[in-house]
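Following the hints, position chains B and C against chain A.
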Amino acid sequence: MQLWRWILMTVVGVSASILPGSLALPAVAQGVEVDRVAIVTPASRTNQGWDQQGVNNLESVGAELGITVDVVENAGYDDITPILNDLVDDGADLIVCHASGYQTVCPEFAQSTGVPVVVIENPGAVMPGLIADIETQGQEAAFLAGVVAGLETTTGTVAVVVSGEPPSWNYMTVGFAEGLHSVNPDATLIYQVIGDAAYDDAPNAKRVTESVIAAGADIVFGMGDGASFGMIQAINEANADRELEDAVQFIDVIGDKSGTDAGTYLLTSVLFDYTHAYTSLIEQLLAGTFGEVYTMGLENDGVRLLDLPESVSTDTRNQLTEAREGIIAGEIIVSSIADADGVHQRLDELFPSEN
Amino acid sequence: MNVEVVLTALLTAAMAGSIPLMLAAVGEAIGERAGLLNLGIEGVILVSGLAAFWLVLETQSLGLGLACGAVTGLICGLGFGVLATRGRADQIVLGLGMTMAGLGGTAFVFREVWGSQQPLLSIRSWRPLDSLLDWIPVIGPALGQQRWPVFAAWFLVIGLSSAIRRSKFGLQMRAAGEFPLGLEASGASVEGVRIAAAALAGTLSGLGGAYLTTVELGFFSPGVSVGTGFMAVAVAMLGQRNLLRVALFSLGFGMLTGLDTALQLANVDARPEFLRMIPYLAIVLTLVLLGRDAKSPAALGQVYRGLAGRR
Amino acid sequence: MPDPHGHWRAVINSLATPILAVILATGVCSVALLLVGHNPLAAWQALIQRAFLRPAGVQEMLVAAAPLLLAGVAVAVAARAGLWNIGIDGQVLVGALAAAWVGTTLEGTPRILLWAVVLVTGVIGGLAWVAIPALLRARFGTNEIVTTIMFNYVALSLTSWLVKGPLRDDTIVAPQTAAIPPTDRLPLLANTRVHAGVILALVVWGVVTWWLHRSTAGFDIKATGENPRAAIHALIPVGLVSAGALLASGALAGLVGAGDILSTKGTFQAEWNPGYGLTAFALVFLARKNFLALLPAALFLGLLSYGADVMPRAAGVPSAFFAFYEGVILIVLAVFAWQPWHRKQML
Chain A
771 MQLWRWILMT VVGVSASILP GSLALPAVAQ GVEVDRVAIV TPASRTNQGW DQQGVNNLES
831 VGAELGITVD VVENAGYDDI TPILNDLVDD GADLIVCHAS GYQTVCPEFA QSTGVPVVVI
891 ENPGAVMPGL IADIETQGQE AAFLAGVVAG LETTTGTVAV VVSGEPPSWN YMTVGFAEGL
951 HSVNPDATLI YQVIGDAAYD DAPNAKRVTE SVIAAGADIV FGMGDGASFG MIQAINEANA
1011 DRELEDAVQF IDVIGDKSGT DAGTYLLTSV LFDYTHAYTS LIEQLLAGTF GEVYTMGLEN
1071 DGVRLLDLPE SVSTDTRNQL TEAREGIIAG EIIVSSIADA DGVHQRLDEL FPSEN
Chain B
1408 MNVEVVLTAL LTAAMAGSIP LMLAAVGEAI GERAGLLNLG IEGVILVSGL AAFWLVLETQ
1468 SLGLGLACGA VTGLICGLGF GVLATRGRAD QIVLGLGMTM AGLGGTAFVF REVWGSQQPL
1528 LSIRSWRPLD SLLDWIPVIG PALGQQRWPV FAAWFLVIGL SSAIRRSKFG LQMRAAGEFP
1588 LGLEASGASV EGVRIAAAAL AGTLSGLGGA YLTTVELGFF SPGVSVGTGF MAVAVAMLGQ
1648 RNLLRVALFS LGFGMLTGLD TALQLANVDA RPEFLRMIPY LAIVLTLVLL GRDAKSPAAL
1708 GQVYRGLAGR R
Chain C
2 MPDPHGHWRA VINSLATPIL AVILATGVCS VALLLVGHNP LAAWQALIQR AFLRPAGVQE
62 MLVAAAPLLL AGVAVAVAAR AGLWNIGIDG QVLVGALAAA WVGTTLEGTP RILLWAVVLV
122 TGVIGGLAWV AIPALLRARF GTNEIVTTIM FNYVALSLTS WLVKGPLRDD TIVAPQTAAI
182 PPTDRLPLLA NTRVHAGVIL ALVVWGVVTW WLHRSTAGFD IKATGENPRA AIHALIPVGL
242 VSAGALLASG ALAGLVGAGD ILSTKGTFQA EWNPGYGLTA FALVFLARKN FLALLPAALF
302 LGLLSYGADV MPRAAGVPSA FFAFYEGVIL IVLAVFAWQP WHRKQML
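Chains as they are written, first to last, in the working numbering: chain A, 771 to 1125; chain B, 1408 to 1718; chain C, 2 to 348.
Looking at chain A on its own, in the form it has when it is part of the complex:
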């Protein structure tokens, strides 16, 4: 048979088979019942940070409330609609889209299917009964971390190493810098960006951290997801040649690496705890008040500092408590800067470069 007839047949045949072979999308009833909750994360629990916190927190909430929790890790940043559809087909009553990269696709999904979703850092997308948003005021706890760093540094040089400049990290960079400045304005702050979206670029993270250590930093505030392990390895290696009191220390974000191989020189971490957020949101869904912005911050313990090691002095702890109370009372205002250019500008204001 002639080629063009084959082609025409195929095109017509496939198109025609799509239409009768289709079924209407299942109408998802927007129930007040919540039996099954799902979470979608871009990377794996392995990085003991962002993805792990979301998953672990939701699982503990699910266990508490007797709700089944479906977890999809490593969803990446491709189109996650098939995954969302799959979760809904299996009966999910609420889906937590745990990445700022899902801010657009999840609200669209909710609107087209009627299944409620939780997004992060997209307050403009909230819709009653359908879309809720979690905001993380990481900058306040980061401010406290900066205070700790400013008081604990012996060399006077502190580094901030990031593997990307997403807004959630930018908030913390600025908060940290302001906290550092509030107790140690003469300190030197080195800010290094490893790459564009180098969340898994551990080799470069290690090299960059080695460089900042060589430049004199003895406290490294690292935001890296998977790349954090590169930073931690750089620190572990550097400390192998040093005395304990000169050791370089690491301040982590989001997760809790203490007790693991990576936690040997962990000073503290700006911990994100979603437990209360998730509990509230599920309760709101049950009560019919779902569809607002939930802000995690210092006050509701959504963001807090991980417990400090014993080596930290009482004086530091006291100043820390003071700072914390000052923030909660509204006396200390921490800037909220989300974009990278704004971060660079603010850092220059606080710690003008020597060149």
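Please note that a few of the clues may not be correct.
If we take Cβ atoms under 7 Å as the criterion, some of the chain B residues that face chain C in the derived model are [unchecked claim]:
#1 Val1412
#2 Leu1414
#3 Ala1496
#4 Asp1497
#5 Ile1499
#6 Ala1508
#7 Leu1510
#8 Gly1511
#9 Ala1514
#10 Ala1641
#11 Arg1683
Rather than coming from a laboratory, the hints here were simulated on the basis of the structure. Even for Gly, the Cβ is constructed at its ideal location relative to N, Cα and C.
Chains B and C alone, transformed into the frame defined by chain A:
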């Protein structure tokens, strides 16, 4: 920021960080000399890296780990060589398949075996020139910071380079790549030479992978090679299969990659994404400048069917 | 000598290779599953069940297959001329970014016009991105494998820079372009999850296939690919034809990017890199570079892509497994290019 500090940091990082690339690129250059184009290096690096990492985790011996990586690479290289010659496999497809299988396979195994753990190695190897050369500005401290595998790698490459240039095997490899018909006419087995070259190339890539996970990083994570395998192909081509030139280009590339860190340390305000483009554009530019001279061996990538069996 | 069954024998022969390859690869990978403690039968069963026995599965497979089909066409066009376009990923990104930018700038125009402009922009983006490697190859003989790979990395950095800077949507916190509103995107077909992009992919496939097999240019491309020396003697402008094939390949890859923006994504995000390139190679070689076979091959790889989405939850198999599976298929296919059971007569 002190210029000397920045330059030293840059050089230190480049020297250490360019080793996996250098080993893989030298390996690829050897393979290409013999007429084999292997796009599967990324996969070899990952598989060897995972194997080496696992062994060091179990035995705490760096030497064993590096050896394991070399052996794993050898096996992969042999596989590629045999399939590309006797198996008459299409080299490009085979290589891409190895890369995909390596990427997916190592991620798969890693997640299955270690779950959500991220084990870290704590082997600290010896620094031969520690503090000895600190009186030389920039280069001294940079060399002093390097661990013994770095020096071993360079000795290996220099040794291979001269061995290949002078030995009969080296000549045979060259013939296999440029004029296989002539090689066969002289009595040697083209397939044998190519397989041997592939095995050698694989061993080097395997060493590079092992170095990456055990010496440089001290851990494994999916996709940890971040494109080193592909860079190796590019650098091998740039170096025109001259092993020393390839090694130097690798070091240069390592320095360019570290440039964005150095510039940031020096408080030069440029977007990191912009700076990240520089190494790759540099490679393309160099390829263009080499222009008509950037010739590949005549028989690169082609299956050799032999004088006799023209099927 | 006319062989009345020759045509069908050829078809069966060419089917045997990919089917055997898939079977062999499935066997090898099942062993891998066993070694880490999974039940391979249960895993494959879960995949078949989710993909075929639920209408949603079939629809998702089609949606996943559409960009893969187009990417496969892109690779196949270059492969037909004997060239390797490994820069698909970069061309997709550039095409997609250009399409997203134009699409959001032109908000308010009638839909058909919008789609036309956006798709053409994607094509131009992909074309622009493959132009330099094509030029380098034409003028200096620079190996297109290396240049296209390098340009992949440059594309990654360039699009990242652009989408975080000048082309960024400032109202949204995550770095991405403004979104093309869902109403302006390619519509869904009849209450399914399948969007019109699938039809688009089919049409483009049809057009390219017809053109390659029926036009003079198509013939030139085939001749150049099969035997460049003979083609030169036949006065075919080999250099021009090669460059043209590469350009067409890049253009099609750009179309893939635009299509994705116009259907499933709606916006270009900074971390997005679908990596169709390697899968497209698997597709093309599964189809043995035969354009008609690209269809079932695309469906098969769409199945695998859907599998990677649902199998982690359904059977506890990490999504990386499917990349491994595709790699093994490629390796097996590479070896099967030599068919020991099929002796061809050399003239």
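Structure-based check of all given hints:
{"no.": "1", "hint": "Val1412", "verdict": "27 Å, violated"}
{"no.": "2", "hint": "Leu1414", "verdict": "24 Å, violated"}
{"no.": "3", "hint": "Ala1496", "verdict": "4 Å, holds"}
{"no.": "4", "hint": "Asp1497", "verdict": "5 Å, holds"}
{"no.": "5", "hint": "Ile1499", "verdict": "6 Å, holds"}
{"no.": "6", "hint": "Ala1508", "verdict": "3 Å, holds"}
{"no.": "7", "hint": "Leu1510", "verdict": "6 Å, holds"}
{"no.": "8", "hint": "Gly1511", "verdict": "3 Å, holds"}
{"no.": "9", "hint": "Ala1514", "verdict": "3 Å, holds"}
{"no.": "10", "hint": "Ala1641", "verdict": "5 Å, holds"}
{"no.": "11", "hint": "Arg1683", "verdict": "4 Å, holds"}
Going down the numbered hints, you'll see the structure goes against 1, 2, while the others check out.
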